[in-house]
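Protein sequences, first through last, are from chains A and X. Okay, so the first sequence: first residue is 1 according to the working numbering, each after it adds one. Okay, so the second sequence: first residue is 299 according to the working numbering, each after it adds one.
Rather than coming from a laboratory, the hints here were simulated on the basis of the structure. Nothing here was measured: the structure is a model prediction, and the numbers come from that model. For every residue, glycine included, the Cβ atom is placed at its ideal position computed from N, Cα and C. Do not rely on the hints blindly, as some may be mistaken.
Covered by chain A, per the in silico footprint, the following chain X stretches (three or more residues, Cβ under 8 Å) [as the list claims (entries may be wrong)]: (1) 414 to 421; (2) 460 to 470; (3) 484 to 494; (4) 505 to 511; (5) 543 to 557; (6) 570 to 579.
The following residues of chain X were derived to be distant from chain A, with all beta-carbon distances above 12 Å [to be verified]: (7) E310; (8) T313; (9) V317; (10) L389; (11) D392; (12) Y409; (13) G477; (14) T514; (15) S539; (16) A596; (17) F601; (18) L619.
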Amino acid sequence: MLNQIAQAIVLGGYYALIACGLSFMLSVMRVINLAHGSLLVLGGYFLWYLGENYQVSPFVGLLALVPLLALAGWALQRFLLERSARGGELLPILTTFGLSIVLDNLLFEQFGADTRSLAPYIGDLAWDSFELPGGIFVGQIGVLTLVAAIVLLGGLQLFLSRTGTGKAIRATAEDPDTAGIVGIDARKASAIASAIAVGSIGVASAALGMRATFDAYAGGAQLLFAFEATIIGGAGSLWGTLIGGIVLALAQTAGAAIHPQGFLIGGHLAFILVLFARFLFLPGEFTYRLRRIAGLAK
Amino acid sequence: MTTTNLTSFRIERWTTASVVAVCLCVAAIVALAIAPAVLGAGAVDRLTALFIYIVLAAMWNALAGYGGLVSIGQQLFFGLGAYFTIRIANLGVDPFIAMAFGAIVTTVIAYPVGRFMLKLKGGEFAIGMWVLAELAHLLVNLDTLIQGETGTSLISLNAYDIGLRRNLIYWLALATMAGLLSALFFLLRSRTGAAIQAIRDSEEAAASLGVDAIRTKRLIFVIAAGGIAAAGALWLASAISFQPKTYFSVQWTAYMIFMVLVGGIGKFEGAILGAILFFLIETWFAAAGVWYLIGLGAVALIFSLVLPKGLWGYFADRTGLRLLPVGYVVRE
């Protein structure tokens, strides 16, 4: 039991890590990037390609991947999101969904149906584990992922609250026009935010490939995990995303304990329960319902 | 100061072009109804697929174009429509009656789903629907009748002669398409339709005029779900086999988005045009496999950036032509 909880917390760290970029973009740009999962898998293939052909460790590969993805994030905002946002707030959803279809199928065209893993390029780390008191073993990769999630989420939180650029991004998120009046370049702030959000996906790509295998169409499932962790943790809260990831993993673990096919079902049910709770505890909603039950309101 | 002479304006709904267009639509449906007499089996099957695509496009357009609700999870209703058809047919009900019940049961389920999910906004609603579709897929897999991803078939259809069966499914698909399109056409022209189009243009402005936006959106959500469920049941009848993975695939929503974006979002004629174009592209290029899918994604992406109103939207804006009028135009 304790062992399962420990494993779930470690898995939750992974979900928080892949949710990081999505959550950041949602909180400061009010955009849900449907190509998030596809970009994550794209990063995984990039690291795999370096390892397979040039024996480059994924940790070294990250030094190239993160800047490249940040550049892609900047381009995503400048050439796609900025333009499609002019057609209304719903159009970016369709634009990024179209992008994800293109990316997924290009990856399939290039790399085929074989599953890939980064495990061969990280030596003993792939199977080494730490022993916790009580004879519980947790994989070092898992712990590293959890630590990366905490550092990344904490770093982004500090960046937003302490630095000038972070404050400019938050101001743009609140009201781009007013931000413009006080001299903030809203276009630049959004492009930087997008570069950070997509750049951070690189770290999650490494985690994706090190802990398990992936294929060209793995992006959709990863997007849903990231989305569920973000929403469970409370959209717009970076620390909440960490909690959200852990709650998601705990619910999946509980689901698997109840039924052999219950792993994913448990996670989805937790997501729906959290939505229920969120609607119920909307300001005034709960007391209104109580009064209605008591016959005091119609 | 100039005074405007009000009598010089007239409010117009029907134009010569639209009267001709509606007559042509009716004639086309009559012609399609008698077409199986001269068409080969392959052509009948392909046209059945086209009718189903038109239903899917019109329903997603109603949801997104008129209701302002972008959903990535409409495969939820497509899959459930097919699943409940299998379930009900398994009770010994005639497969064609089971199809009707499959669509009805799914529509009934859509009502509470809509009440719940419509509290979400924008992208949260879009992916939230996808999560529900995934959940439904996993739950359907648990049903022993379906045998997990192996799937099952609507075997009771074998009771019908294969030629008769093909034509029955064709007529049913044609009737479903014609029925849903007419229902949507008259709904959009009614008082509720005026409210729907007002919400599409500006939810705040519509609300300030006393339009009950949430109620109207719930109505559209349920109609779209019912139509897509009927399409799922029809697809099952023509494909016979039911594999949960195929029916609950996000691919279906991707097709709907492609058809509506290319044809013209929020335009009644646009969805039909988009479905026909998709059908032709599929007929010619589906053999290209992965590149075909890359092309579909890229075209949808480019339309959302360059031509967000789609082909019909662009065309109608430039020419003022309306073939199936659901609004009014003030002319001098």
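- Any Cβ of chain A at or closer than 12 Å to A596 (chain X), or is the non-interface label fine? Non-interface label on A596 (chain X) violated, nearest chain A Cβ at 5 Å vs cutoff 12 Å.
- Annotated coverage of the segment 414 to 421 of chain X by chain A, confirmed only when three residues or more have a Cβ within 8 Å: Answer holds; 5 residues pass the 8 Å Cβ test.
- Task: Between the segment 570 to 579 of chain X and chain A, see if three or more residues pass the 8 Å beta-carbon test, and mark the coverage as holds or violated.
- Result: n = 0 at 8 Å, threshold three: violated.
- Given coverage of the segment 543 to 557 of chain X by chain A, checked by CB-CB distance under 8 Å (3 or more): holds (count 3)
- Measuring Cβ to Cβ, find out whether D392 (chain X) lies farther than 12 Å from everything in chain A. 32 Å, holds
- Test coverage of the segment 505 to 511 of chain X by chain A using CB-CB distances below 8 Å; three residues minimum. That given contact is violated, which follows from only 0 residues of the segment 505 to 511 of chain X lying within Cβ reach (below 8 Å) of chain A.
- Item | Beyond 12 Å from each Cβ of chain A, as asserted for L389 (chain X) | Its Cβ never comes within 12 Å of chain A, the nearest being 25 Å, so this holds.
- Task: Measuring Cβ to Cβ, find out whether T313 (chain X) lies farther than 12 Å from everything in chain A.
- Result: 28 Å, holds
- Query: Are three or more residues of the segment 460 to 470 of chain X within 8 Å, CB to CB, of chain A?
  - Reply: violated (count 0)
- Task: Would you assess whether Y409 (chain X), listed as outside the interface, keeps its beta-carbon beyond 12 Å of every beta-carbon in chain A?
- Result: At about 16 Å from chain A, Y409 (chain X) clears the 12 Å cut-off, so the statement holds.
- Taking the minimum C-beta separation from T514 (chain X) to chain A, is that value above 12 Å? Its Cβ never comes within 12 Å of chain A, the nearest being 17 Å, so this holds.
- Task: Over 12 Å to the closest beta carbon of chain A is the bar; see if E310 (chain X) clears it.
- Result: The claim holds: E310 (chain X) sits with its nearest Cβ about 28 Å from chain A, beyond 12 Å.
Violated hints, listed in ascending order, are 2, 3, 4, 6, 16 and 17; each of the other numbered hints is respected by the structure.
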